[in-house]
Amino acid sequence: MNARRPSTGAVVKGAILAALLVVAFVCPYVLGSYYVSLLSIALIAAILASSINVLAGNAGLVSLGHAGIAAASGYGLAWAYRQGWELWAQLGMAALLTAVASVLYGLISMRTRGISFLMVTLAAGMVVYGMAYRWSSVTGGTNGLPGIRRPEGIAEYWQFYFLVLVAFCFVTLALIVVGRSSFGLTLRGIRDSETRMVSLGYNVPLYKFGAMLVSGAVAGVAGVLAVWHSEFISPVVAGFQESAISMIMVALGGIGTVLGPLVGAVLVTGFQHVLSSVFERWSTLLGLIFILSVIFAPQGIVGGVADLMRRIRRRGAPPRREQLDAEFRA
Amino acid sequence: MSSVSAVSSSPVPAGDEETALVLDGVTRRFGGLMALSGVSVVLPRGGRLAVIGPNGAGKTTLFRLISGEMRASDGTIRLFGEDVSRVSERVRARRGVSRTFQVSNLFADLSVLDNVRIAAQAGTGRPRRFWWPVRERDDFTVKARTMLERVGLGRRGADRVADLSHGEQRQLEIAIALVVEPRLLLLDEPAAGLSAAERKVLRGLLEELPDGLSMLLIEHDMSLALELVDHVLCLDNGVPLAYGTPDEIRANPAVQAVYLGRRD
Ligand SMILES: Nc1ncnc2c1ncn2[C@@H]1O[C@H](COP(=O)(O)OP(=O)(O)O)[C@@H](O)[C@H]1O
Ligand SMILES: [Mg+2]
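For the record, the sequence lines run as chains G and U. Just so you know, the first sequence maps onto residues 1 to 330 in my numbering. Just so you know, the second sequence maps onto residues 1 to 264 in my numbering.
Because the hints were derived from the structure by calculation, they are not lab data. As the structure is a prediction and not an experimental result, all values here were calculated from the model. Worth double-checking, as some hints may not be accurate.
[Unchecked claim] List of simulated lysine to any residue pairs, SDA-like, C-alpha gap at most 25 Å:
| hint | chain 1 | residue 1 | chain 2 | residue 2 |
| --- | --- | --- | --- | --- |
| 1 | U | K143 | G | G179 |
| 2 | G | K13 | U | S111 |
| 3 | G | K13 | G | F162 |
| 4 | U | K143 | G | T195 |
| 5 | G | K13 | G | R311 |
| 6 | U | K143 | G | S181 |
| 7 | G | K13 | U | D159 |
| 8 | U | K143 | G | E194 |
| 9 | G | K13 | U | P133 |
| 10 | G | K13 | U | A158 |
| 11 | G | K13 | U | R160 |
| 12 | U | K143 | G | Q299 |
| 13 | G | K13 | U | L110 |
| 14 | U | K143 | G | R311 |
| 15 | U | K200 | U | R183 |
| 16 | G | K13 | G | S181 |
| 17 | U | K143 | G | K13 |
| 18 | U | K143 | U | A191 |
| 19 | U | K143 | U | S104 |
| 20 | U | K143 | U | V161 |
| 21 | U | K143 | U | D109 |
| 22 | U | K143 | U | R95 |
| 23 | U | K143 | U | I174 |
| 24 | G | K13 | G | Q299 |
| 25 | U | K143 | G | R188 |
| 26 | U | K200 | U | D163 |
| 27 | G | K13 | U | R135 |
| 28 | U | K143 | G | V198 |
| 29 | U | K143 | G | V178 |
| 30 | U | K143 | G | V177 |
| 31 | U | K200 | U | L164 |
When you get a sec, could you build the whole thing from the sequences and use the hints?
This is the structure in structure tokens:
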């Protein structure tokens, strides 16, 4: 609470983040290209998971259709690339389609909550999937759009890895700012009591719409990076399974936590690549693990660990309401 | 205050800026059930009106109609001279209506301070610079802290709502409603479940409300309610049974029979 004297929790968190960053930076120098690519995939998945987390963690809105927004962005980039457009125009097209998709997602979901929000986003994802599949003159249908080369400077696997790492850090920082802003507080108010927020004069649908735009922008970043990674896009990336796995990553890692999406994405991606070679029904196993985690660690891994640390610290030094209060006033 | 009228057959005046609230023949049906029928009241600016009546009389329904949470089946509602019968709850809040809930309606996973802070930033209109971090020294926080002190929760800011006692949650409920600096305050059984000591704090708080603030108070504790208001409306089964000053209501045999008498 006091700018000059950060709490132990903040110090521990900062140390963990710094250590992670060092490890992430060193990885390409010690790991082979296969594992570095795998890390890129995990980080891109973590960005998409973060876009879901900003809605789920703050506003309490669980989306099952965010892969659709990422796919819209990816198709925008891929289509523009194949038209022979410049890089900035490709990115502009990706941004435009991201904005269009986010606005549409936002408009149809801004008056819903809970299960109905989940159903509406799921349906929106299906629509994007259907369009990618059917509108083959533009999207290439089932064959997709192949041969999307990465621009110079990020063509090498390790160069691309660093781009993804920077993007992930930037997105994470931006979402921390959103979470701490008065906008973030407003979203958490909506999560806890929509009726009270309306009674206080808040325009609840407008805030939900705004949250969807923020979230959609992040999903759009993941969409572009995903196309650059695989140099290819097909309807699969818009599918229900992509959205659902992203949501599972968030829940597994810890809804509403800063590092949850990363932890969930690394675990699930690692799992997918290790097990899918030896075990065909890996997705069944993933489902089982997810169910177990919901039962035994409902706040997710990061949430559970944070809770544990808090409890250990409390035992060492009994709190401190007065102290907390004094800090507020200082 | 002589302009106050209710349960009368004379036409209800439309009111102006100086009239906080005008209800004209307000009626609400739930299917076949008449929850409220033909309620007419004029509340001048700064007026304090208690709404009493047995359970199920329609008191909370009346609040929900005034706040705009639901629409009246019939009749008109005016706030500060403006017909708001078709105006949304959100816009009525912006016009200065603030209410507490009979069953506490708090932000369960936010800190006590954030519960009030979120209300404080609503009360100033659109939260400016909404992407700025919530800080310890900004206007909203200072306002929220002052309000917490006033309701006796000054030391509980960092706590979670779940850690508050029932009485403290009721105080927080009032803090949220008051920090928006309303023009019309609707209090739905604020003293229910409070200890004698907590009631005293509540009474002190309500006695200190600014003069220009208009208030409707639903309260079963007669000794508390009748001391805080200048007029009383008694409902029974959705029908206005009596209207008058606290003394008149105490002396009213119909009220005694239907309401006061039952308590003994
Ligand atoms: N949403 C609703 N649907 C159906 N009936 C309702 C609803 N709200 C209230 N009622 C009925 O309207 C009557 C008045 O309720 P209420 O205004 O809550 O009474 P009070 O606050 O005076 O105890 C009761 O009979 C109640 O059952
Ligand atoms: Mg009631």
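List in ascending order the numbers of the hints, as given earlier, that are violated by the structure. 12, 14 and 17
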